[in-house]
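K.L.:
Each chain, letter by letter, is given below.
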Amino acid sequence: MRLGGIAGFVVRRLLLGVLVLFLVSLVVFAATQALPGDPARSILGRTATPASLKALREQLGLGGSVFSQYVDWITGLLHGDAGNSLAAQEPVSDLLGDKVVNSAFLVFCAGIISIPISIAIGSYAALKRDRTFDVTSSLTTLVFAALPEFVVGISLVVIFATTVFTGFLPAITIIPPGGRPWDDMEAMILPTATLVLAVTPYVVRIMRASMIEVLESDYVEMARLKGLPERTVIVRHALPNALGPTFQVIAINLAYLAGGVIVVEYVFNYAGIGGALRDAVSTQDLPVVQALAMLIAAVYVVLNLMADIATILVTPRLRTRL
Amino acid sequence: MASTTTDIAVTPEPEVITARRPAGALLRSAARLWRTRIGLALVVLLVAVALFGPFFAPHSPTDFVGAPNTGPSDVARFGTDHIGQDVWSRFLWGGREVLGMAVAATAIGLILGGLIGLIAAYSRNVLDDILMRAMDVILAFPQIMLALVAIATVGPQTWLIILTVGLTTMPRVARVARGAAQPIVERDFVAAAEALGVPRFRILVGEVMPNTLSPLLVEMNLRLTYSIGLIAGLAFLGFAPNQNGADWGFMIQENRLALVSQPWGVVLPVVAIALLTIGTGLVGDGIARAAVGIDRSRGDE
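Line by line, the protein sequences give chains A and B.
Each residue of the first sequence is one higher than the one before, starting from 1 at the first, in our numbering.
Each residue of the second sequence is one higher than the one before, starting from 1 at the first, in our numbering.
Some clues are possibly wrong.
[Stated by the list, open to error] For lysine to any residue, the following SDA-like pairs were computed, each having C-alpha atoms within a straight-line distance of at most 25 Å:
hint, chain 1, residue 1, chain 2, residue 2
1, A, K99, A, L215
2, A, K226, A, E216
3, A, K128, A, L215
4, A, K99, B, L257
5, A, K128, B, L33
6, A, K99, A, M185
7, A, K54, B, V292
8, A, K99, A, L86
9, A, K128, B, V292
10, A, K99, B, W34
11, A, K128, B, L257
12, A, K54, B, V154
13, A, K128, B, R289
14, A, K99, A, P176
15, A, K99, B, Q253
16, A, K128, B, R35
17, A, K54, A, L23
[As the list claims (entries may be wrong)] Partner residues aside, some chain A positions facing chain B, computed with beta carbon under 8 Å:
hint, residue
18, L127
19, V151
20, P177
21, V281
[Unchecked claim] Listed next, the stretches of chain B that the computed footprint assigns to chain A, with coverage defined by at least 3 CB atoms under 8 Å from CB atoms of chain A:
hint, stretch
22, 64-78
23, 89-98
24, 176-189
25, 279-285
Keep in mind the hints are simulated off the structure, nothing from the lab.
Quantities reported herein were computed from a predicted structural model and do not represent experimental measurements.
We put the beta carbon where it would ideally sit given N, CA and C, even for glycine.
If we strip away everything but chain A, and leave its shape as in the complex, we get (with noise of 0.2 Å):
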């Protein structure tokens, strides 16, 4: 049976985000594998004693052949059992429950204040085109796209905590355990701040690019032509098409926010999956770097699906092509 429509284009497309998420985690586990030789040995090191060698081995599940391990491992996964994290000897997903909660907020707060910012910045750019606030904008955005965002986060604390204006905002983001991070909310200004200004350039251009498109089609001119006041043609013609190309950049854009809070949590020792990701790298847990790895490429599955889906919705055009 051949599913038609949208409900197919769908379910098109939710097979293949469950394919690539197959293939991330072949990557994944693979990269587990890639340990040369022992890996109970080179994680504990030459002085291991042969007891506590085993241990790890079992709890690594070792054992078997290296499918069986695969299918061990993804099994649990999908019951929500991530294994045990080695440095905490606690189960993963006790372990990182709340900066899940953390992480989402802090992402949250990002694109709740980029998405409409960027969207009026490109929208006013695309109408003054090559005035001055599009030529200042389109440097600023330059700007901003080349700066790493560990070179904005560490600026912004330069500048608003510890030297310039010192103590006008707090340099770290401390929550406490129990705690929320939306229960001190000055805290969350500048880790909020460094990740808009990261994301916002990007969303910005493409808003740009596709208002001016807008502006210069038929439909455009043909509602100006029809007398309609000016406001009404923007606001009502043009920016509602203009969405559309946006949507997939901003999810996209979400979906890299998954990954740049890697460095921007670190930076503000925010208690998020970020941080939890770079201790689990350094002290090679591995069962915590595999399900994290997991957790954020789903993450950017799931947002890559929903914009395909809403570029869909919004362009009817696209959708009776189905």
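Since the structure of chain A is provided, determine the placement of chain B on it from the hints.
P.N.:
Structure of chain B alone, referenced to chain A:
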């Protein structure tokens, strides 16, 4: 910054900038834009600091010249770092590693990605699909994630960081190369060369590749910008090949806890990385604009 994401947003549409012109003309017209000139000046300055800085360093990067985290003095122009080494000397030594690794990683990504993209476009069969879907799988990861997974297993080795950054750069270049090559492989001169019996690989390198150079030049700048950010970022996270080696990214990580009392150990490398990436970004934008300009003036749109 920002590897993964961004490809769609920043990379100008390949078909728009397929300038059928030698790269020399493109670079000359890019050099007439003031943004390219400023970018180039910044890049030259920072590359000079990275390459020749060590000759002007007053101390060895690992000599102890005073108490930890002291401010600027006669002995140490910008004060001392977290264990009493000279910040200025370490800054002058610290650019080589970042720059060298970023250039090597970008070169790997550019060569492999360019080849895969060209082969995919030229094959015009199932090989095209296989290659590009394989590229999509690598793209399903944020670039930094893959580097971290690799570092978690092997450790922060120089070759490993160069290789993972290069391999994750590859699919992004491959997409651009394929997009640029697709209209070229349909052209008559390719068919003519095939009819003459020229080997397919020579057609690819001799006929198709020269015609895709300008989008690849733009992409090279973009990828170099991100590779610098990524490699410096990994060092900032603590994953530099040499612990206590002088490295701009790692300097920031070492000295950030003393930011309040001794900001220079952080500020100098941050400014250097910022100016370097802004420079490569400006040059890339200048070339992209020049490429679009060439197309427009030739009525290719």
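K.L.:
The structure should be examined with respect to each hint, and the outcome stated for every one.
P.N.:
Against the structure, the hints:
1. K99/A with L215/A: It is violated: about 44 Å lies between the C-alpha atoms, which goes past 25 Å.
2. K226/A with E216/A: Since the Cα atoms of K226/A and E216/A sit roughly 16 Å apart, the hinted pair holds (cutoff 25 Å).
3. K128/A with L215/A: holds (12 Å)
4. K99/A with L257/B: Roughly 23 Å separates the two Cα atoms, so the pair holds.
5. K128/A with L33/B: holds (21 Å)
6. K99/A with M185/A: Since the Cα atoms of K99/A and M185/A sit roughly 17 Å apart, the hinted pair holds (cutoff 25 Å).
7. K54/A with V292/B: violated (62 Å)
8. K99/A with L86/A: Cα-Cα ~18 Å, so holds.
9. K128/A with V292/B: holds (21 Å)
10. K99/A with W34/B: The hint is violated at about 46 Å.
11. K128/A with L257/B: Violated, because 44 Å separates the two Cα atoms, which is more than 25 Å.
12. K54/A with V154/B: Since the Cα atoms of K54/A and V154/B sit roughly 21 Å apart, the hinted pair holds (cutoff 25 Å).
13. K128/A with R289/B: holds (19 Å)
14. K99/A with P176/A: Given pair K99/A, P176/A holds - Cα atoms ~12 Å apart, limit 25 Å.
15. K99/A with Q253/B: Holds, because 23 Å separates the two Cα atoms, which is no more than 25 Å.
16. K128/A with R35/B: With a Cα-Cα distance of about 21 Å, the restraint between K128/A and R35/B holds, given a limit of 25 Å.
17. K54/A with L23/A: Given that 25 Å is the threshold and the Cα spacing comes to 30 Å, the pair is violated.
18. L127: Not OK, violated: L127/A not within 8 Å of chain B, min 20 Å.
19. V151: holds (5 Å)
20. P177: violated (22 Å)
21. V281: holds (4 Å)
22. 64-78: violated (count 0)
23. 89-98: violated (count 0)
24. 176-189: violated (count 0)
25. 279-285: holds (count 4)
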